[in-house]
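Please construct the entire structure, taking both the sequences and the accompanying hints into account.
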Amino acid sequence: MEVQSLPVNYLPIIIQMIVAVGFVVTTMFVTHKIGPKRQTKDKLTPFESGIEVVGNARTPVSIKYFLVAILFVLFDIEVIFMYPWAVNFKTMGIDGLVEMFIFMATLLLGFVYVLQKGALNWD
10 MEVQSLPVNY
20 LPIIIQMIVA
30 VGFVVTTMFV
40 THKIGPKRQT
50 KDKLTPFESG
60 IEVVGNARTP
70 VSIKYFLVAI
80 LFVLFDIEVI
90 FMYPWAVNFK
100 TMGIDGLVEM
110 FIFMATLLLG
120 FVYVLQKGAL
130 NWD
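Residue 74 in our numbering sits at position 65 of the sequence shown; the count goes up by one each step and never skips.
FYI, nobody ran anything at the bench for these hints, they're computed from the structure. Some hints could be false.
[To be verified] Lysine to aspartate or glutamate pairs mimicking EDC-like chemistry, simulated, CA-CA at most 20 Å apart:
#	residue 1	residue 2
1	Lys50	Glu61
2	Lys73	Asp85
3	Lys99	Glu61
[Claimed, not checked] Computed Cβ-Cβ distance ranges for the label pairs, DEER-style:
#	residue 1	residue 2	range
4	Lys42	Phe75	24 to 30 Å
5	Lys99	Val77	34 to 40 Å
6	Glu57	Glu108	33 to 39 Å
Even glycine gets a Cβ: it sits at the ideal position worked out from N, Cα and C.
Structure, rendered in structure tokens:
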């Protein structure tokens, strides 16, 4: 007998999410409105682990840093897709192996493209 998943089965989860979000929003609003508001010079200055602030925080940063960070996240997330495949390796058989080779080839092609564009070169 197959169990069907109906939209009404998700109603308790939706209600719980609404209650949780409502609680957070209400708590933040109420504490903001009734909480003390004492703004002193010490409270308004930036604090970085006890180190005095030097210079401007808005100095330009090389785009290479952000590009490498985005590429890291991109290729790191791709590894997450390999875990379910590794767990179900035996049950997927040769079809799963071929699909993973196609997936890995696509990743390798993307990595070669990134290398050819020089995205990882720090000049």
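Quiz item: Going straight from one Cα to the other, do Lys73 and Asp85 come out at no more than 20 Å?
Solution: 18 Å, holds
Exercise. For the range 24 to 30 Å, tell me whether the beta carbons of Lys42 and Phe75 fit it or not.
Key: 38 Å, violated
Exercise. State, for the Cβ atoms of Lys99 and Val77, whether the hinted interval 34 to 40 Å holds or is violated.
Key: 37 Å Cβ-Cβ, so the 34 to 40 Å window holds.
Quiz item: Holds or violated: 33 to 39 Å for the Cβ distance of Glu57 and Glu108?
Solution: 48 Å, violated
Quiz item: Quick one, are Lys99 and Glu61 close enough, alpha carbons at most 20 Å?
Solution: Given that 20 Å is the threshold and the Cα spacing comes to 58 Å, the pair is violated.
Practice problem: For the pair supplied as a hint, Lys50 and Glu61, confirm whether the alpha-carbon distance does not exceed 20 Å. | Solution: Distance of about 14 Å is within 20 Å: holds.
When each numbered hint is compared with the structure, violations occur for hints 3, 4, 6.
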